[in-house]
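Peer 1: So the protein lines, in turn, are chains A and B. Residues 1 to 163, numbered by the working numbering, are exactly what the first sequence covers, in order. Residues 164 to 954, numbered by the working numbering, are exactly what the second sequence covers, in order.
Some hints here could point you the wrong way.
Claimed, not checked - Part of the chain A face toward chain B, derived, beta carbon under 8 Å:
| no. | residue |
| --- | --- |
| 1 | Thr-33 |
| 2 | Gly-50 |
| 3 | Ile-92 |
| 4 | Val-95 |
To be verified - Stretch by stretch, here's where chain B covers chain A in the computed footprint (C-beta under 8 Å, at least three residues):
| no. | segment |
| --- | --- |
| 5 | 15–21 |
| 6 | 81–91 |
| 7 | 127–134 |
Because the hints were derived from the structure by calculation, they are not lab data. Backbone N, C-alpha and C define an ideal beta-carbon position, used for all residues, glycine too.
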Amino acid sequence: MDTIQFATFTVDGVLFGVEVGGVQEVLRYQEMTRVPLAPSIVSGLINLRGQIVTALDLRLRLGLRPRPPGALPMNVILRGDDGAVSLLVDDIGDVLTVSPELAEPLPETLQHLGRELIKGVFKLNGRLLLILDASSAINFQTGRRLTSDEARRAAAPPASNLQ
Amino acid sequence: MSSNDENDEVIKEFLIESYENLDRLDRDLIALEQNPSSAESIASIFRTIHTIKGTCGFLGYARLEGVAHAAESLLSRLRDEELALNAEITTALLTTVDVIRGMLSSIEATKQDGDADHSELVALLLRLQTGGSATAPVAEPPPPAPAPVVAPPAPAKEPVKKAAKVPAKPKSEAPAPAASVAPPAPVEVAAPAPIPHPVSPPVHHDRAAEPAGDTKAAPTVTDGYVRVDVGVLDKLMNLVGELVLARNQILQFVPGVDDANFTATTQRLNLITTELQSGVMKTRMQPIGNVWEKLPRVVRDLSLALGKRIRVEMEGRETELDKTIIEAIKDPLTHLVRNCVDHGLEREADRLAAGKDAEGRLTLRAFHEGGQVNIEISDDGAGLNLERIRAKAVERGLLSADQAARLGDREVCELIFLPGFSTAEKVSNVSGRGVGMDVVKTNVERIGGVVDLTSRPGLGTTFRIKIPLTLAIIPALIVSSGQDRYAIPQISLLELVRLTGAQVRTALDSIHGAPVCRLRGSLLPLVDLRGALGLEGAASAAELASAETVSIVVLQADNQRFGLIVDRINDSEEIVVKPLGKHLKGIPAFAGATIMGDGRVALILDVLGLAQAAHVVGSQERSKARRSQGTEAEAPQRRKQSLLLFSLADGRPIAVPLSMVSRLEIFDARTVEPLADYRVVQYRGEVMPLLDVDTLMGTGGGNWQSEGPLHVVVHGYGKRYVGLVVKRIVDVVEEHLELKKPAQGRTASGVLGCAVIQKRVTELLDLDVMLRTEAGRFLLPSDDGAAGMEQ
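Okay, chain A solo, but in the shape it has when bound (with noise of 0.2 Å):
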């Protein structure tokens, strides 16, 4: 029987799990800076040996309240299309294993939690593990409008037009 392994965080008393291929490595808290101007999601730069990684704050991702004032977050350095992105998270779980066959919808109830980022839930000795889609996580449109750049880009003629 195929069976899914997941790296498990909590986020405001909440466990998640993503599954292990889509994470690079877990952190702990790493010195950030921070970007003026950038959406509020993003909390801020860190240096993962050489590399700039965009730290995303995970419970304003998905609508929860924000972390307490002192409480230094964690990173869960998922692997992106266009390299690296943390996700900050509350504490750092263990790796679990499941069988697909557990998993069952989203309860309604679960309303406030941003849905549209939870892939299934997964009943867990009277604890619920809900999965994160990874991507669609990373993936956000932040409401600007297109850049100047964007725009003209998209009205460009197709390059290729011409073979």
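Start from chain A and add chain B according to the hints.
Peer 2: Okay, now just chain B, sitting in the frame of chain A:
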């Protein structure tokens, strides 16, 4: 470079490329034999043969072309599935590969494609094409099918596309150690090793029987190169970037450590790092010809479609640029070329009517100048129609008729870079949609370049792009705002101003609440960095005026100067530019990020984006219009010259044109070493002679001291530097110069004349004369005679 050399270069590239293609052909053919229905393999083989045919036809190798042509015809029938692949055809094609290889080595050795007779092979290929069986003598049993060496076609293609050419030293040992670093990209998978014979027999099946030693006897051109995966180079570049950062950090310790050994070791580390940096940078350099290669084809297709005849000429295709920049300018270049073909060059009939050659000329030129690369795209077409541009600008509502009429020709030319501007009468397939020139400009500016154009009616148009050599490591000024540090690329930096105490009150002012600074008689708009970044604690104009000290970084964005107020101005450093993630790419104020010596991340400010966000530079239209309105009022001040002022030992001021000054440096007097009659310091991996201005001017020689800081004005002389030791650097001024003759006897000592600068009579130094007489002996031994004759 003579045309002959150029031709050699072309042939060499053709050979390298063709050898690689042939290696792939072997693999593809064999893969095809395993899987005869693979349309992809046939298409790939067809393309390879087609390329070889095309290139050798162009180079005039008729014999080779004939063979390739016959093979191509056969392949085209295979591709169209009019013919099924069988062993005979495979054999014939493999034989063709061998024959072509033979001819290539003959070309390499003698520049001729050999005089062997390939008519039999050609006949066989033709016969196979018509579906006939090979009954001719060449139809021998197929070569032993090298079954175990079937190459998976997918990985074979990847490295070929991604690899960059890395020239290795042409020593025979060189490739071996280098190869151990490189991933084994071009592995010889198919068939026994090729044997390059000067003249190869038309058909030889017993390749395996050839002595293997033969390959050594005639090394092919590819031996001097190692193909390296770009990923490896990028990683190397990253590591060097890290090393530069670590070096910067160590250098910060030097002043605090009293250990000669440590200082010396650090010096060495410093030099080696610099050298390594430039070495690695070189591996990423690619000739601009790589981008240009595609352009003749673009021009050809376009001109055919438009019914024009156009010849493409290229100069300086060997000019090297960083790979990332090459990629970034690919599209703008293509666009400019298309634009020239579409708008610039006239139709044949129009050209003849204008008394020009029927064939239009499009020239691409590239050259290095002052650490930058210049790329020119020029045509000998009709030039820009300024009246039409004016009319269009008015019609589009970009300018009023009055403004348009007052614009100078140059400014009219610049209008075509505005968004939404196109004068094409009809929207063609090619251009005329009004998206284009502004994108070209934005893209070039994004990589720190500038683009402008000159146009002469009836004679043609020239676009000129100036771009930096590399983007990976740039000098930058680090500033602080609260706890945050930001890096400002040095290229947009004009000067630093620090106001204290009473100066703050006198220099700062506000116009309608917008802070300005009075700087040498002109008003400089001020932008608070905190405000521009939307951070808390931005000072209002009133708060500024009551501040103890104000630090201002004077920046240049889109021809507009402005002052950025920061909390603290730190050091200038070489920083490694790293891109921002996609979540942050849309913020115009940042150009990227870098990692500082302490391992923390700092954002790099995009000066143009910042200025636009702060409305110092409006949207492009507005600023253009404003500038043009101000044109007449500003005209008399235009010929102002920027001068660096410093004082002599006796307190008199003296000036040099800022354009002659590469940098201002402060050296520790202890690092000065004697060399022959000179004093020198190590500077940027070179030995830089130092000259004392006062000794030269006969005003004493008091600037040498055994310790403490030496203020040095660095002047670049070709690739070398000379340093002028001065007592004190006073200021940088912009003055409208009225040069008076120098006092008698002063010319010889290098005085150009004198002028009134800041109400004081100031002598202007003629660095050229001064360096010829003095440093000339050190710098330019060969120029001695010439310098003497001029005296």
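Peer 1: For a quick check of understanding: which of the numbered hints are violated here, in increasing order?
Peer 2: When the structure is compared with the hints, numbers 3, 4, 5, 7 turn out to be violated.
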